[in-house]
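Let's have the full structure, built from the sequences with the hints guiding it.
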Amino acid sequence: MNKLSNYLIGPELLWVFFYMLVVLLIKMTHSPIKSMDSFWVNTAFIIPLVLIPITFGLYYIPGVIRPWLLLRIWIVGIVGGHYVLSKSLSAHSEQGPGVGTAYIMGMGIIFIVLIIGSIFAVIKFR
Numbered sequence: 001m002n003k004l005s006n007y008l009i010g011p012e013l014l015w016v017f018f019y020m021l022v023v024l025l026i027k028m029t030h031s032p033i034k035s036m037d038s039f040w041v042n043t044a045f046i047i048p049l050v051l052i053p054i055t056f057g058l059y060y061i062p063g064v065i066r067p068w069l070l071l072r073i074w075i076v077g078i079v080g081g082h083y084v085l086s087k088s089l090s091a092h093s094e095q096g097p098g099v100g101t102a103y104i105m106g107m108g109i110i111f112i113v114l115i116i117g118s119i120f121a122v123i124k125f126r
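Counting in UniProt numbering, the sequence shown runs from 1 upward without gaps.
Where hints are given, some of them may not hold.
[Stated by the list, open to error] Label pairs and their computed distance ranges (CB to CB): (1) PHE17 / PRO62: 18 to 26 Å; (2) PRO67 / SER93: 44 to 52 Å; (3) GLY63 / SER35: 36 to 44 Å; (4) ILE119 / SER35: 37 to 45 Å; (5) LEU8 / PRO97: 35 to 43 Å; (6) LEU8 / LYS34: 39 to 47 Å; (7) HIS30 / PHE111: 27 to 35 Å; (8) LYS124 / GLU94: 37 to 45 Å.
[As the list claims (entries may be wrong)] DSBU-like mimics (lysine-lysine), calculated; alpha carbons at most 35 Å apart, straight line: (9) LYS87 / LYS124; (10) LYS34 / LYS87; (11) LYS27 / LYS87.
By construction, these hints were calculated from the structure, which means they are not laboratory data. Since we're looking at a predicted model, the values are computed, not measured. Note that the Cβ used here is the ideal one computed from N, Cα and C, for glycine as well.
See the structure below:
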């Protein structure tokens with residue numbers, strides 16, 4: 001593979017895919033609707049506990065360059081996590097204090113999962 005494709009296959013492209021998936025899900029469910037509110041609040045758990053470990057799974061793909069991968073995962077985990085989480089919570093029908101609390105809780109879980117994933121990645125792949 002050439003050098004450009006090594007940089008394109010990475011966590012940034014993965015989080016753009018996650019963002020487009022959330023936008024597609026919002027359009028398919030015609031949100032904001034009341035019946036989907038519990039799902040959108042639960043994305044505060046789904047995004048950190050599922051999508052961040054999928055991002056750390058890039059260490060197992062042979063075409064991804066590893067020297068700066070951990071820093072790239074941290075940056076895109078925080079920035080991408082913010083955008084995906086805020087987009088998913090914007091589909092909640094009642095924008096009250098519960099949605100803000102879910103966002104803060106989701107970002108906190110993102111930091112915790114990033115720390116745990118970083119420890120695992122440093123131990124396993126160094």
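Hints the structure violates: just list their numbers, smallest first. none
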